[in-house]
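J.: Turn these sequences into a full structure, and let the hints guide you.
Residue numbering for the sequence shown follows our numbering, starting at 1 and increasing by one per position.
If you're looking for bench data, these hints aren't it; they were derived computationally from the structure. Treat the hints with care, as some may be off.
Restraint-style ranges between C-beta atoms, simulated for each label pair [said to hold, decoys possible]: (1) 155 to 83: 33 to 41 Å; (2) 151 to 76: 35 to 43 Å; (3) 39 to 156: 33 to 41 Å.
Note that beta-carbon positions come from the ideal geometry of N, C-alpha and C, so glycine has one too.
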Amino acid sequence: MSSFHWLLVLLFSITPTVEGRYAIIYGIGIGLDPKHVFIVASITIVLLAIALGALIHYIDSLIIGFKDSRYELFRAVYRFYDRYLLRIRRKARPYIEKYGLIGLIVFVAAPLPGTGVWTGALVSYVFGIDRRRTLLGLSLGGVLSNLIVFILAFFFKVVLWG
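T.: What follows is the structure, given as structure tokens:
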């Protein structure tokens, strides 16, 4: 397979809402080596966790600055972000308040819409989880999510479609 497909796996792995879990489905689906797809997606997820852990404060500040922009598009981005933060606070609060770091890992690992490393980074930021625990929670949760999807995708490809 061409390096273009590997580049797409890499790019999908860092894209919000797509992340490694869908990159794995894409890579396996187009015929890339499943274990290499898992490794590339997981390494990329850990690198994303490191970057987001360090940058989420700045991303938040930038988007909050859009609130008073003279451009409607920036104000719309702020409104979307503000609603999204309210939603993830409600969604993540039971996990974080009851289980702490384990709750963050489970929240990130659940291969469901509205979870993942990007959302987990916001959850961690909103709930004031320190950087070390954020990095651990995002990395472990992201790799676990990849593993869950990898096992399911591999099962469907090998067992059901031969």
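J.: It remains to establish, for every hint, whether it holds in the given structure.
T.: Hint-by-hint comparison with the structure:
no., hint, in the structure
1, 155 to 83: 33 to 41 Å, "holds (37 Å)"
2, 151 to 76: 35 to 43 Å, "holds (39 Å)"
3, 39 to 156: 33 to 41 Å, "violated (20 Å)"
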